[in-house]
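Whenever a hint applies, use it, and build me the whole structure from the sequences.
Here the sequence shown is numbered in our numbering, starting from 1 and rising by one per residue.
In short, the hints are calculated from the structure, not lab data.
Ideal Cβ positions, reconstructed from N, Cα and C, are used throughout, including at glycine.
Heads up, some of the hints might be wrong.
Derived PhoX-like pairs: lysine-lysine, alpha-carbon spacing no greater than 20 Å straight-line [unchecked claim]:
#1 78 - 103
#2 96 - 22
#3 103 - 471
Ranges between beta-carbon positions, derived for each pair [unchecked claim]:
#4 229 - 346: 27 to 35 Å
#5 337 - 51: 46 to 54 Å
#6 335 - 540: 32 to 40 Å
#7 467 - 199: 13 to 21 Å
#8 136 - 502: 23 to 31 Å
#9 335 - 495: 36 to 44 Å
#10 51 - 166: 36 to 44 Å
#11 249 - 504: 41 to 49 Å
#12 254 - 346: 30 to 38 Å
#13 111 - 436: 20 to 28 Å
#14 502 - 142: 48 to 56 Å
#15 136 - 501: 34 to 42 Å
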Amino acid sequence: MELSSSTPSAWRQLRNRQISCKEALALLVNSQGTLERERLDWEVNSRFFRHFPNRQGLPPVIPLILWRGCYYLGSPVKISTETIQALSDRTLTDIKIIPVNSKSYRLWFHSQNLDPNRISSTPLMNPLTGEQEKEDICETTELYLEKAVDQIARIRTIISGALRNRASDIHFEPMPEGLRVRYRIDGVLRNITTLPLELSRKVIVAIKVMSDIDIAESRRPQDGRIADKYVDNSSSDSQQEVGMDMRVSTLPCVGGEKIVIRLLPRQNPFCQIDDLGFSRQALTIYKSWLQQPQGMIILTGPTGSGKTSTLYNSLQFVATEHVNVITVEDPVEYVLAGITQTQVNERAGMTFAAGLRSILRQDPDVIMVGEIRDAETAETAVRAALTGHLVFTTLHTNDAIGAIPRLQDIGPNPGLISEALLGIVAQRLVRRVCPHCAQTYTPTETDLRVLGLEYKLANPKSWRRGVGCVKCFNSGYLGREAIVELIDIDERVRELIYEGHMTQLHHHLQKINFVSFARAAIEKVTTGVTTVEEILRVLPRSAFSNQVSPENTNGKVHHITAFN
Numbered sequence: 001m002e003l004s005s006s007t008p009s010a011w012r013q014l015r016n017r018q019i020s021c022k023e024a025l026a027l028l029v030n031s032q033g034t035l036e037r038e039r040l041d042w043e044v045n046s047r048f049f050r051h052f053p054n055r056q057g058l059p060p061v062i063p064l065i066l067w068r069g070c071y072y073l074g075s076p077v078k079i080s081t082e083t084i085q086a087l088s089d090r091t092l093t094d095i096k097i098i099p100v101n102s103k104s105y106r107l108w109f110h111s112q113n114l115d116p117n118r119i120s121s122t123p124l125m126n127p128l129t130g131e132q133e134k135e136d137i138c139e140t141t142e143l144y145l146e147k148a149v150d151q152i153a154r155i156r157t158i159i160s161g162a163l164r165n166r167a168s169d170i171h172f173e174p175m176p177e178g179l180r181v182r183y184r185i186d187g188v189l190r191n192i193t194t195l196p197l198e199l200s201r202k203v204i205v206a207i208k209v210m211s212d213i214d215i216a217e218s219r220r221p222q223d224g225r226i227a228d229k230y231v232d233n234s235s236s237d238s239q240q241e242v243g244m245d246m247r248v249s250t251l252p253c254v255g256g257e258k259i260v261i262r263l264l265p266r267q268n269p270f271c272q273i274d275d276l277g278f279s280r281q282a283l284t285i286y287k288s289w290l291q292q293p294q295g296m297i298i299l300t301g302p303t304g305s306g307k308t309s310t311l312y313n314s315l316q317f318v319a320t321e322h323v324n325v326i327t328v329e330d331p332v333e334y335v336l337a338g339i340t341q342t343q344v345n346e347r348a349g350m351t352f353a354a355g356l357r358s359i360l361r362q363d364p365d366v367i368m369v370g371e372i373r374d375a376e377t378a379e380t381a382v383r384a385a386l387t388g389h390l391v392f393t394t395l396h397t398n399d400a401i402g403a404i405p406r407l408q409d410i411g412p413n414p415g416l417i418s419e420a421l422l423g424i425v426a427q428r429l430v431r432r433v434c435p436h437c438a439q440t441y442t443p444t445e446t447d448l449r450v451l452g453l454e455y456k457l458a459n460p461k462s463w464r465r466g467v468g469c470v471k472c473f474n475s476g477y478l479g480r481e482a483i484v485e486l487i488d489i490d491e492r493v494r495e496l497i498y499e500g501h502m503t504q505l506h507h508h509l510q511k512i513n514f515v516s517f518a519r520a521a522i523e524k525v526t527t528g529v530t531t532v533e534e535i536l537r538v539l540p541r542s543a544f545s546n547q548v549s550p551e552n553t554n555g556k557v558h559h560i561t562a563f564n
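The following block contains the structure:
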């Protein structure tokens, strides 16, 4: 590592006769075997490794100092006498091994193999075992930031860390002590590092330059995009460059400007529709909708609830060579093969309504409208669903049943809505219990009361929670999956929608024990997928207020007996 002038390397102090060889080694490696990387010297490193153009087969060593014809090398493993002699013969020097701990070696190795000028999602590999290791994000980010020579390199280092750790967003927030950096991982923000105060404004300006945002304007919010490529070798042994879009949003605030970057890799990240997290019953119903020739499917949920993933997986499911699939989106987040995707551009007059009208002249079979925002879009989408097209769209409501009055409020005739609808899906994303630190536990009375369960019906032997480990950032959770509420529009539901009897519709759905958030939550918890705490974090308490009690179902709790 190249050092700043304020931190002279131990080797240079030794050469200047300021310290002895023993003192230089003590500066570099303490009694616990921890390496002080800032005391290393790049020239010693360069001199040693130029003897080994091909480092394959080289033992794990760190050049510490070169003194009086002897290389002092740090190593976390015991090196054989034969190997030491081979190193000595190659360098024409004596070799002495200084023990260092494995963590120090791994951090040094990763810092040596960093290219701060490239964005990379390549996971870190343990150089001692050859296996993928779960990094300490904060430690690795600060290590890599030490190697960055300018603001662009710092930003790319932070983006690379976000990609390696499955972050969806990066937050840059001005604070009195500096620029705080946070990643949103599995829907939860995590502190990563704080850049020094003197770098805060420089980093913000660099991001604005990269995203083609006016750097002179800091009094109003601005939006921009960054198009870049990153190195990815997750799907094969060879590295490949993959395109990535980043949506950038700035917001003036106390202390400066806050920036949020949404990461959108162009590589298709979507799995099979069976892997989204739907229960067996919900998946069977949902797939039956996808096989219909016409009708409207509405997905609801707040921002970040996984609607885009479900929509895109659904489009891929129906997009065969015999089907013309066209979308109108704002924005196009991922490019899907075999599907015509259009982008809303209101300045040019390309609104959702205008785009939808044009799509209907393109002989579509399946249409996806990113969001229904106005009466014209709603009316056109409903009529398209009635005239031989399968239409997907989204609304922002708290639950599935809330989509009906919301759509009616926008404008279409209730009779048209009831005829057009195939079904409604409300969705949230819950974090899964980390499989690496999961432990079984006995549900408490509070847990059972929240879910409305009796102990004997709660499958208590399958309840799990994570205790926290390095692989899940000590959160106890790793990865997310969907939890859904689903309304299948049958004849009775159509009749109640047409008549506008929302209270009766609520009662009817509870009577037939529909696939509610409460049922889905109970299944996730009682099969050990997630925890009650996570369910309460994601779902509103009202989701459990109207669930069907055992006495209302003739003593049978269908959502429990079906899961065991």
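Hints, verified against the model:
In summary, the hint linking residue 78 to residue 103 is supported, as the alpha carbons are separated by about 15 Å, within the 20 Å threshold. Restraint check for residue 96 and residue 22: the C-alpha separation of about 13 Å stays at or below 20 Å, so the hint holds. A threshold of 20 Å between alpha carbons decides the hint, and for residue 103 with residue 471 the separation of about 16 Å falls inside it, so the pair holds. Between residue 229 and residue 346, the C-beta spacing of about 29 Å keeps the proposed range 27 to 35 Å intact.
Between residue 337 and residue 51, the C-beta spacing of about 49 Å keeps the proposed range 46 to 54 Å intact. For residue 335 and residue 540, the hinted distance range of 32 to 40 Å is satisfied, since their beta carbons lie about 34 Å from each other. The hinted range of 13 to 21 Å is not satisfied by residue 467 and residue 199, whose Cβ atoms lie roughly 37 Å apart. Separated by about 51 Å at the C-beta atoms, residue 136 and residue 502 break the suggested range of 23 to 31 Å.
At roughly 42 Å, the beta-carbon separation of residue 335 and residue 495 lies within the given 36 to 44 Å, and the hint holds. For the hinted restraint 36 to 44 Å between residue 51 and residue 166, the CB-CB distance of approximately 40 Å keeps it satisfied. Range check, residue 249 to residue 504: about 43 Å between beta-carbon atoms, so the 41 to 49 Å window is met. Under the hint 30 to 38 Å, the C-beta atoms of residue 254 and residue 346, about 31 Å apart, fit the expected range.
Evaluation of the 20 to 28 Å hint for residue 111 and residue 436 yields a pass: the beta carbon distance comes to about 26 Å. Between residue 502 and residue 142 the CB atoms are about 54 Å apart, so this pair conforms to the stated range of 48 to 56 Å. The hinted window of 34 to 42 Å between residue 136 and residue 501 is violated, with their beta carbons roughly 57 Å apart.
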